[in-house]
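Since chain A is already given, all that's left is putting chain B on it; use the hints.
Each chain is listed here by its residues.
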Amino acid sequence: MGPEILAYPFLFLAIFFESFLLVTLLSAPARSARGRAPHGANTSDETPSVAVIVPCWNEELTIAATCDSLLALEYPKEKLEIILVDDGSTDATSAVMARFAEHPQVRVITKENGGKHTALNTGIAATSAEFVGCLDADSFVEPDALREIIPCFARGEVAAVTAAMSIHRPQKLLQHMQNAEYTFGITLRHTLASVNGLYVTPGPFSFYRRNIVETVGGFKRGHQTEDMEMALRLQREGYEIENAPRARVYTTSPDTILKLVKQRTRWTAGFLRNVLGEYRSLIGDWNRGVLGMLILPTAVIAVGSGILLFALMLFLLLRDAFTALSIRADIPLSYTLLPHGSFDWFYFPANFYILLALITLGVSLGLIVFGKRLSKTPGKIGLGIISYVILYGLIAPLWLVRATADVTFGRHRGWRA
Amino acid sequence: MSIVTRNVLIALFITVALTGTVAYAVNYLNDARIAELGAIEDQLSIDTLSLDTQFSLLEAAPCDSAASSTTLITSLADLGNRLSYAENQLGTDNAQVLRLKQQYSLLEIRDYLITKQLAKACGTKPVIVLYFYSNAGDCSDCDKAGYALSYLHNTYPALRVYSFDYNLELGALKTFIALNKVQGALPAFIVNGKHSYGFTSLEDLEKQFPKGALATSTTSKL
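Protein chains in written order, with my numbering: chain A, 188 to 604; chain B, 16 to 237.
The reader is advised that the hints may include incorrect statements.
Stated by the list, open to error - Simulated restraints on C-beta separations:
| # | chain 1 | residue 1 | chain 2 | residue 2 | range |
| --- | --- | --- | --- | --- | --- |
| 1 | B | 18 | A | 472 | 16 to 22 Å |
| 2 | A | 498 | B | 131 | 48 to 54 Å |
| 3 | B | 210 | A | 526 | 32 to 38 Å |
| 4 | B | 18 | A | 598 | 39 to 45 Å |
| 5 | B | 193 | A | 192 | 37 to 43 Å |
| 6 | A | 489 | B | 18 | 20 to 26 Å |
| 7 | A | 556 | B | 110 | 43 to 49 Å |
| 8 | A | 193 | B | 57 | 37 to 43 Å |
| 9 | B | 18 | A | 234 | 29 to 35 Å |
| 10 | A | 301 | B | 18 | 41 to 47 Å |
Stated by the list, open to error - Residues on chain B that point at chain A, a partial pick, calculated with CB under 7 Å:
| # | residue |
| --- | --- |
| 11 | 19 |
| 12 | 25 |
| 13 | 26 |
| 14 | 30 |
| 15 | 37 |
| 16 | 44 |
| 17 | 48 |
| 18 | 51 |
| 19 | 97 |
| 20 | 100 |
| 21 | 159 |
| 22 | 162 |
| 23 | 217 |
Unchecked claim - Sample of chain B residues lacking proximity to chain A, with all beta carbon distances greater than 10 Å (derived):
| # | residue |
| --- | --- |
| 24 | 128 |
| 25 | 139 |
| 26 | 182 |
| 27 | 192 |
| 28 | 197 |
| 29 | 209 |
| 30 | 213 |
| 31 | 227 |
Worth flagging that the hints you see were computed from the coordinates, not collected in a lab.
All C-beta atoms in this analysis are idealised placements derived from N, C-alpha and C, irrespective of residue type, glycine included.
Chain A extracted, bound-state conformation (with noise of 0.2 Å):
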């Protein structure tokens, strides 16, 4: 026996966490929440007032196509206010704000710079509608997603909706990676909100109702993962958390492998920050349902084992590598690179590691496209699927070193750091 028993336990772990992920997708409260249906299909639906804060932080570039996707929401416009917060910009975000100034739905805050998480709360404070959202300067919506939103809110006990997320205008290979990733993430919120397992509520269209947020104290800077740490404290004070598996909304994503690991870094300790920091108790919480017995010990073994899969990895193909080059190391190439013996059956590697991985991976895809079916999301998944079987396990262990590294050695990053 190799040091593939290393990976068996995590092996076994992510078949069991995909087969609880497909049991519950097959069960009644997801199956009733995707038969939800839009606000506004009944004509006895009540009509309440949102806003939608949007915090910009040097995003010139995007700032007009994101407030033009709000623009174009689907909602009684007296319903519907849109709150620009320059939250100290030294780029033109302030002068593309300033065109948007004059529009009834639209107002526009500047601020000396906080953070994003100061931002949020600036809006918050700007508002009285009943139900406050949030979208990144970086992200576009869906003309009916609000729509789709607002259903979730049906029951008191929900103070948050997430929505579902896939990147816009994928070109790179890198950023179908990413969309597979995201679509795979639709299908995981939307799961894991039957039975009130989410743990983040992401910038790109989120919402919470105002009343509770301020209750619980408004957004925090949360290891600059506000949307995570609002989550979780709205888990801990007894709060559910919902998805709207078909309010789609598309959000630019990093280009270059370098940018996505910084991005990725961030994220990843910032959750490790949080979980095992503030909210440590939550985990193994018996209190907390699914989300403190099984969904953030998961999480927090999955940063672990997916380092460990991937040293693993890493190891057996080099001592694999440097085994055949010494073997090899003074035959005729000639002879070396021309594959020897006939395909047969017989010599089929079909062993116990790489096929419990292959299920693995084929239950990942599986839930992938189910995700882009369920959300509607147009475009194609294919190229998405293929980068990500090829690249992310390759990339995700950068992040995941870096994040545990920071965290461990108490390094802080930048924003864009």
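This is chain B only, laid out in the frame that chain A set:
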């Protein structure tokens, strides 16, 4: 029972069932590999008996090229490759693999003896390599030597290469090792009766062969 508890239990059942199925499938495939090895071995046994009979029949008859070669060596090489793969998959201490290796070694010894007898009777001079290795972790160069021999055999098909696990518990093999005066230093080669030990490079190994033996267009069939 809450929905979450129910789902967790169902997921646990699915996970255990899946991993159990995978374990069964891997085991089934390995059993099928063993069965295939056994089938090849049965065929080889028939071939060997046929060869013995053929040799007996030819003892009193003139030697001709059609009757004076054994085709067993190609089948033996194929069985050797499969056995080596099965050994990697199932482990060097697997009882079935060990038993098959014993039978395989006996077949090799038998083919070697018949080849020598045919060569003597027919006056041909085959290049015969006896290769002794160990996979007990005490032979760091055995993998390199084995690969170099595979290359030589592939490049010069007239070579007859017989590989033996030096540590295999088999009386006939022990006797064979003793008769050929193989010492414990591995890898060990006997090329047409000439002993050499250790492996440094392909070039050094080639020097152990008789002059002209490594020719791609040899007319020797043995």
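Claimed clearance of chain A by residue 209 (chain B), with the beta carbon kept past 10 Å
Correct as stated: the minimum Cβ-Cβ distance to chain A is 22 Å, above 10 Å.
Any Cβ of chain A at or closer than 10 Å to residue 182 (chain B), or is the non-interface label fine?
For residue 182 (chain B), whose nearest Cβ neighbour in chain A is about 21 Å away, the distance exceeds 10 Å, so it holds.
Would the stated hint for residue 97 (chain B) survive a check requiring a Cβ distance to chain A of less than 7 Å?
holds, 6 Å
Per the hint of 43 to 49 Å, is the separation of the Cβ atoms of residue 556 (chain A) and residue 110 (chain B) within bounds?
Roughly 45 Å apart at Cβ, these two residues keep to the hinted range, so it holds.
Would the stated hint for residue 217 (chain B) survive a check requiring a Cβ distance to chain A of less than 7 Å?
holds, 5 Å
For the restraint on residue 44 (chain B), tell me whether the closest CB of chain A is nearer than 7 Å.
The hint holds - residue 44 (chain B) has a Cβ within 7 Å of chain A, the shortest such distance being about 5 Å.
Hint check: is the beta carbon of residue 26 (chain B) less than 7 Å from a beta carbon of chain A?
holds, 4 Å
Taking 20 to 26 Å as the hint, is the beta-carbon distance of residue 489 (chain A) and residue 18 (chain B) inside that range?
holds, 23 Å
With 10 Å as the threshold, tell me whether residue 213 (chain B) passes as away from chain A on beta-carbon distances.
holds, 15 Å
Does the nearest C-beta of chain A fall within a distance shorter than 7 Å of the C-beta of residue 37 (chain B)?
holds, 5 Å
Take a look at whether the Cβ-Cβ distance between residue 193 (chain B) and residue 192 (chain A) falls inside 37 to 43 Å.
holds, 40 Å
Would the non-interface assignment of residue 192 (chain B) survive a Cβ cutoff of 10 Å against chain A?
holds, 25 Å
Checked against the numbered hints above, the structure breaks none of them.
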